[in-house]
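J.: These are the residues of each chain, in order.
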Amino acid sequence: MTTTTPNVADTDAPSTGTGAPGRVRRRLGGSAASIAALVIAMLWTVPTAGLFISSFRPAEQIRTTGWWTFFSAPEVTLANYQDVLFGSDEQLVSYFVNSLVITLPSTVFVLGVAALAAYALAWIDFRGRDWLFLGIFALQIVPLQMSLVPLLRFFSQGVSLGGVQVLPAWELTGAMAFTNVWVAHTVFGLPLGIFLLHNFVSQLPPSLFEAARVDGAGHGKIFTRIVLPLSAPALVSLGIFQFLWVWNDLLVALIFTGGDSATAPLTVRLAEMAGTRGEDWHRLTAGAFVSMIVPLAVFFLLQRYFVRGLLAGSVKG
Amino acid sequence: MEYSFLYELPKIVWMLIGIAAFLAVIGLMLVLMDTPRTRRDRWQALLFLAPALVLLLGGLVYPVVRTTVLSFHDGSGEVFVGLANYVWMFQRPEILLVLRNTLLWVLFAPALATAIGLLYAVLIDRSRFESVAKSLVFMPMAISFVGASIIWRFVFAYRPAGQQQYGLFNQIVVWLGGEPQLWLLNQPLNTFLLILVLIWVQAGFAMVVLSAAIKAIPSEMTEAARIDGAGAWQLFSRITLPSVWPTVLVVLITITVQTLKVFDIVRTMTAGNYGTSVIANEMYSQAFQQGQTGQGSALAVFLFVLVIPLVVVQIRRNRKAKELA
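The listed protein sequences correspond, in order, to chains U and S. Start counting the first sequence at 1; every next residue gets the next number (the numbering used here). Start counting the second sequence at 1; every next residue gets the next number (the numbering used here).
Possibly wrong hints are sitting among the right ones.
[To be verified] Simulated DEER-style distance windows between Cβ atoms:
(1) Ala49(U) x Arg128(S): 14 to 24 Å
(2) Leu83(S) x Pro229(U): 15 to 25 Å
(3) Pro229(U) x Ile17(S): 18 to 28 Å
(4) Glu75(U) x Glu223(S): 50 to 60 Å
(5) Glu223(S) x Leu204(U): 51 to 61 Å
(6) Met176(U) x Met29(S): 52 to 62 Å
(7) Pro229(U) x Glu223(S): 37 to 47 Å
(8) Glu179(S) x Met42(U): 24 to 34 Å
(9) Glu75(U) x Met29(S): 55 to 65 Å
(10) Glu223(S) x Met42(U): 24 to 34 Å
(11) Ile17(S) x Met42(U): 43 to 53 Å
(12) Thr179(U) x Asp74(S): 26 to 36 Å
[Claimed, not checked] A short list of chain U residues far from chain S (calculated; beta carbon distances all over 10 Å):
(13) Glu75
(14) Thr77
(15) Ala79
(16) Leu161
(17) Leu204
(18) Pro205
(19) Pro206
(20) Ser207
(21) Val214
(22) Pro229
(23) Leu230
(24) Ala232
(25) Pro233
(26) Asp249
(27) Gly258
If you are wondering where the hints come from, they were derived from the structure by calculation, not from laboratory data. Glycine included, each C-beta is placed from N, C-alpha and C at the ideal position.
From just these sequences and the hints, can you work out the full model?
T.: As structure tokens, then:
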């Protein structure tokens with residue numbers, strides 16, 4: 001689609017012969033545009049680069065000189081990462097594992113539950129289907145703040161109706177305590193997940209379903225043999241988004257995990273470090289990159305799906 | 001203490017059990033569904049929808065009702081207090097400051113992020129380095145708000161005058177002959193510095209979506225304008241901007257909703273201290289740190305009310321776009 005032209009960042013790429021005045025004006029506009037684009041690109045990358053460079057500098061140097069002096073006397077060490085990952089103060093490796101243990105199930109659960117629901121809403125006929133879809137759709141507007149207090153009480157106190165305990169509290173301990181945060185993330189990811197997958201699944205050609213039904217396939221078979229394989233691109237897009245939301249989330253984790261190395265993810269620990277050890281930059285710089293490495297890898301490897309998802313409306317409400 | 005990976009083992013085992021159990025239940029359900037006895041569409045639809053409905057009713061619908069009810073109760077959730085929590089919200093000076101801050105966020109973050117995103121998208125459109133240039137500005141979208149906040153805290157870091165600065169911002173100030181400052185303590189400037197972080201994250205989103213809209217403008221239109229002698233500015237104001245305007249609105253609204261709910265940035269940058277708190281942060285602090293469930297719930301309800309009109313407009317626009325497409 002995009003044609004490449006030699007003049008960088010020129011908004012009006014010349015195509016036909018233009019007079020000399022036009023060319024001059026365009027060249028001026030072109031270089032101003034290039035400079036403006038360069039300034040924005042710098043502002044958007046230099047802060048990250050500064051943190052990145054610092055994370056490899058010796059702690060003593062981070063404390064006493066700016067990272068821009070690195071280029072005159074480069075000195076590189078992995079000590080900060082060693083310290084922050086395995087040192088007795090932080091042991092971020094535990095939080096890293098927690099982030100993974102929180103994120104992977106929360107992603108799988110949303111994909112599974114949303115795919116089932118999207119299929120039923122798109123291809124099974126039943127009364128009230130449109131209303132149900134509208135209702136789920138409308139849930140996208142609920143800020144998660146509206147649900148935090150009651151959901152936390154549900155986990156910690158169970159459900160009681162008029163003094164009678166209907167459901168007991170979830171007194172999960174140890175590793176099983178992760179279940180709370182899985183459920184919370186799954187709930188919060190579902191409205192948008194169902195909406196996105198429904199958009200995709202409902203566009204599949206009806207002839208496929210008719211043919212399958214004629215061959216005697218039930219809904220279960222149609223779902224596993226036709227819908228899931230054909231929806232792979234949409235599932236990948238949603239999967240990436242859910243993965244990044246959960247990995248990057250702070251609020252849900254603050255409330256539904258214990259806050260210590262037993263269950264809390266990297267974001268919780270880093271926010272806490274920023275508060276209590278705000279000047280320990282050798283730890284904060286390395287810690288920040290430990291938390292960014294996974295989302296950045298996902299982002300650069302799967303950028304195409306990421307962009308496609310964004311354009312399809314994957315912004316969590 | 002020497003680190004041992006054995007400590008992590010139970011977590012990973014529990015994760016695998018969780019995923020396996022989930023897949024097993026769903027697989028079993030799908031197999032049983034196709035036995036001839038249960039061929040009624042109504043019941044099958046219910047089975048397909050059951051997990052989603054249970055989660056949504058229990059995790060969103062009921063809590064919304066419950067939070068609304070709680071907002072009319074005191075901190076313990078037992079005593080009905082009428083509108084007291086809402087009166088409190090609009091009378092206490094510290095909460096009014098929170099509301100003012102949220103207003104500042106909404107006024108500046110969406111407009112600036114969208115404007116910068118649009119400008120950048122136009123500038124790099126069809127340039128040789130377009131995809132690299134896009135990745136650079138888009139990259140902050142992938143990292144967490146917590147990570148972004150740490151990046152910017154480092155930029156604003158402060159050392160007393162006379163010492164070597166390691167925060168870029170203060171170093172530039174010193175180079176220009178100024179005094180280094182504790183930027184994040186400086187009210188009300190600090191709120192704007194926090195807003196800057198959100199702009200930094202969201203501009204990439206605006207840029208990607210608007211860039212796609214710019215590419216969708218028919219080339220005949222721009223060609224014709226160019227042949228008529230339109231300059232760069234005219235091309236932008238007469239052709240590009242009107243063509244992408246509906247997308248600009250969508251982006252603005254989307255970022256506004258995000259802005260209203262901003263929490264992580266405030267939490268990580270200042271924890272809401274020094275006059276920088278916003279509604280979402282105050283809600284967390286009231287409900288989960290101070291045990292004021294009623295006041296926290298009232299703040300949540302207020303946030304909900306602010307978001308509703310925006311999302312309704314958004315949905316209307318989406319529908320219209322679908323009908324046109």
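J.: With reference to the structure, classify each hint as holding or not holding.
T.: Do the hints match the structure? See the list:
| no. | hint | in the structure |
| --- | --- | --- |
| 1 | Ala49(U) x Arg128(S): 14 to 24 Å | holds (22 Å) |
| 2 | Leu83(S) x Pro229(U): 15 to 25 Å | violated (55 Å) |
| 3 | Pro229(U) x Ile17(S): 18 to 28 Å | holds (27 Å) |
| 4 | Glu75(U) x Glu223(S): 50 to 60 Å | holds (55 Å) |
| 5 | Glu223(S) x Leu204(U): 51 to 61 Å | violated (38 Å) |
| 6 | Met176(U) x Met29(S): 52 to 62 Å | violated (23 Å) |
| 7 | Pro229(U) x Glu223(S): 37 to 47 Å | holds (42 Å) |
| 8 | Glu179(S) x Met42(U): 24 to 34 Å | holds (25 Å) |
| 9 | Glu75(U) x Met29(S): 55 to 65 Å | holds (59 Å) |
| 10 | Glu223(S) x Met42(U): 24 to 34 Å | holds (33 Å) |
| 11 | Ile17(S) x Met42(U): 43 to 53 Å | holds (48 Å) |
| 12 | Thr179(U) x Asp74(S): 26 to 36 Å | holds (31 Å) |
| 13 | Glu75 | holds (15 Å) |
| 14 | Thr77 | holds (17 Å) |
| 15 | Ala79 | holds (16 Å) |
| 16 | Leu161 | holds (12 Å) |
| 17 | Leu204 | holds (16 Å) |
| 18 | Pro205 | holds (18 Å) |
| 19 | Pro206 | holds (16 Å) |
| 20 | Ser207 | holds (19 Å) |
| 21 | Val214 | holds (15 Å) |
| 22 | Pro229 | holds (14 Å) |
| 23 | Leu230 | holds (16 Å) |
| 24 | Ala232 | holds (17 Å) |
| 25 | Pro233 | holds (17 Å) |
| 26 | Asp249 | violated (8 Å) |
| 27 | Gly258 | holds (12 Å) |
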